[in-house]
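Let's have the full structure, built from the sequences with the hints guiding it.
Residues per chain, in single letters:
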Amino acid sequence: MRFGVVRFPGSNCEQDIVIACRYLGIDVDYVWHGDTDITGFDAIVLPGGFSYGDYIRTGAVARFSPVMGEVVRFAERGGPVLGVCNGFQILTEAHMLPGAMLRNRGLKFICETVPLRLERTVCQWVDLPEGTVVRIPINHNEGNFTADAETLARLDANGQVVLSYCEPDGTRAPGGSAPNGSANDIAGICNERGNVFGLMPHPERVVDPEASGTDGQPFLTTIVARLAGV
Amino acid sequence: MARYEIFVTYKQGIFDPPGATAERALANLGYDEIESVKIGKYIRVEVADGPNERARVAEMCDKLLANPVIEEYRIVDAEGAVSAR
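For the protein sequence lines, the chains are A and B, in the order given. For any residue, its number in this note's numbering is found by taking its place in the first sequence, counting from 1, and adding 17. For any residue, its number in this note's numbering is found by taking its place in the second sequence, counting from 1, and adding 22.
It should be emphasised that the hints constitute simulated quantities derived from the structure, not laboratory data. In this text, a Cβ means the ideal position worked out from N, Cα and C, and glycines have one as well. Treat each hint with caution, since some may be false.
In silico SDA-like cross-links for lysine to any residue, where the CA-CA straight-line distance does not exceed 25 Å [to be verified]:
| no. | chain 1 | residue 1 | chain 2 | residue 2 |
| --- | --- | --- | --- | --- |
| 1 | B | Lys60 | B | Ile36 |
| 2 | B | Lys60 | B | Ala103 |
| 3 | B | Lys63 | A | Tyr72 |
| 4 | B | Lys63 | A | Gly27 |
| 5 | B | Lys60 | A | Gly123 |
| 6 | B | Lys33 | A | Arg122 |
| 7 | B | Lys63 | A | Asp165 |
| 8 | A | Lys125 | B | Gly62 |
| 9 | B | Lys85 | B | Val30 |
| 10 | B | Lys60 | B | Glu27 |
| 11 | A | Lys125 | B | Ala44 |
| 12 | B | Lys63 | B | Glu101 |
| 13 | A | Lys125 | B | Glu57 |
| 14 | B | Lys63 | B | Pro39 |
One side of the interface only, derived from the structure: several residues of chain A facing chain B at Cβ under 8 Å [what the hints assert, rightly or not]:
| no. | residue |
| --- | --- |
| 15 | Ile73 |
| 16 | Gly116 |
| 17 | Ala117 |
| 18 | Leu119 |
| 19 | Asn121 |
| 20 | Thr163 |
Structure representation (structure tokens):
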């Protein structure tokens with residue numbers, strides 16, 4: 018089981034993912050954005066950062082990096098793909114996940130640890146009971162997820178909403194709990210098949226109990242166990 | 023060589039955080055007549071003359087310069103002729 022972490026020009030969280038994977042005993046290596054061969058990897062991670070300086074729109078240029086054609090084919094074959102923060106933005110731009118990202122409501126870059134609740138989901142990357150509350154940092158300027166009403170209803174009905182921003186007790190405030198204004202408090206979604214997962218929070222920053230906690234661990238380890246058939 | 027001006031704006035119903043902020047700021051400055059502010063992008067491209075020139079500029083918008091999920095665009099050529107999507 019080997020993770021490939023794609024390095025785009027302007028990625029800045031790829032080392033965090035690699036260090037987190039190694040800490041968790043997951044075999045991992047970098048993948049250069051100009052590569053067109055990703056054979057040998059069992060899961061692909063698109064890391065956080067500011068690929069191509071966020072020019073035009075976040076993720077809009079990275080989506081056309083040579084490696085992305087292979088990542089799309091890998092996902093179509095059922096290969097697990099995870100996009101964290103800028104990685105999530107790239108997945109929406111590549112239409113591997115529905116919707117799009119807007120500037121945060123309030124125009125503030127938000128950097129804080131927030132409570133998130135697990136929803137009932139088909140996502141292959143998680144296996145936590147519905148309603149579980151985890152605390153994971155977010156760190157973004159464009160995490161205000163939007164989609165038309167029909168798409169939002171479909172995400173809900175299909176179990177494609179994986180993570181929602183919530184209050185510390187797991188409830189969602191009537192006026193919304195998303196600090197960035199995200200539609201339906203959405204923090205993470207997956208595709209219909211559940212193999213492609215994008216989230217704005219950074220689980221790779223919460224894997225070491227001596228540093229920040231362990232709430233992020235399942236977001237990297239679950240897929241390993243699932244692929245191993247455990 | 024031909025020059026095209028492209029205006030990219032959010033679709034109807036998509037929340038525009040910078041526009042909403044400017045709207046509030048103008049109201050706070052005493053411009054009571056302000057009803058709405060929308061902020062978008064202005065892009066100018068220069069392309070070599072060729073067949074399907076305009077269609078290719080539209081394709082550039084669909085592919086890269088605008089995100090059809092949230093944005094629409096208007097292309098204006100040097101004579102002022104407009105095409106939009």
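Now for the hints, and whether the structure bears them out:
{"no.": "1", "hint": "B/Lys60 - B/Ile36", "verdict": "10 Å, holds"}
{"no.": "2", "hint": "B/Lys60 - B/Ala103", "verdict": "23 Å, holds"}
{"no.": "3", "hint": "B/Lys63 - A/Tyr72", "verdict": "12 Å, holds"}
{"no.": "4", "hint": "B/Lys63 - A/Gly27", "verdict": "23 Å, holds"}
{"no.": "5", "hint": "B/Lys60 - A/Gly123", "verdict": "15 Å, holds"}
{"no.": "6", "hint": "B/Lys33 - A/Arg122", "verdict": "17 Å, holds"}
{"no.": "7", "hint": "B/Lys63 - A/Asp165", "verdict": "22 Å, holds"}
{"no.": "8", "hint": "A/Lys125 - B/Gly62", "verdict": "18 Å, holds"}
{"no.": "9", "hint": "B/Lys85 - B/Val30", "verdict": "13 Å, holds"}
{"no.": "10", "hint": "B/Lys60 - B/Glu27", "verdict": "18 Å, holds"}
{"no.": "11", "hint": "A/Lys125 - B/Ala44", "verdict": "14 Å, holds"}
{"no.": "12", "hint": "B/Lys63 - B/Glu101", "verdict": "21 Å, holds"}
{"no.": "13", "hint": "A/Lys125 - B/Glu57", "verdict": "24 Å, holds"}
{"no.": "14", "hint": "B/Lys63 - B/Pro39", "verdict": "14 Å, holds"}
{"no.": "15", "hint": "Ile73", "verdict": "7 Å, holds"}
{"no.": "16", "hint": "Gly116", "verdict": "7 Å, holds"}
{"no.": "17", "hint": "Ala117", "verdict": "4 Å, holds"}
{"no.": "18", "hint": "Leu119", "verdict": "6 Å, holds"}
{"no.": "19", "hint": "Asn121", "verdict": "7 Å, holds"}
{"no.": "20", "hint": "Thr163", "verdict": "6 Å, holds"}
Violation of the numbered hints given earlier is absent; every hint is satisfied by the structure.
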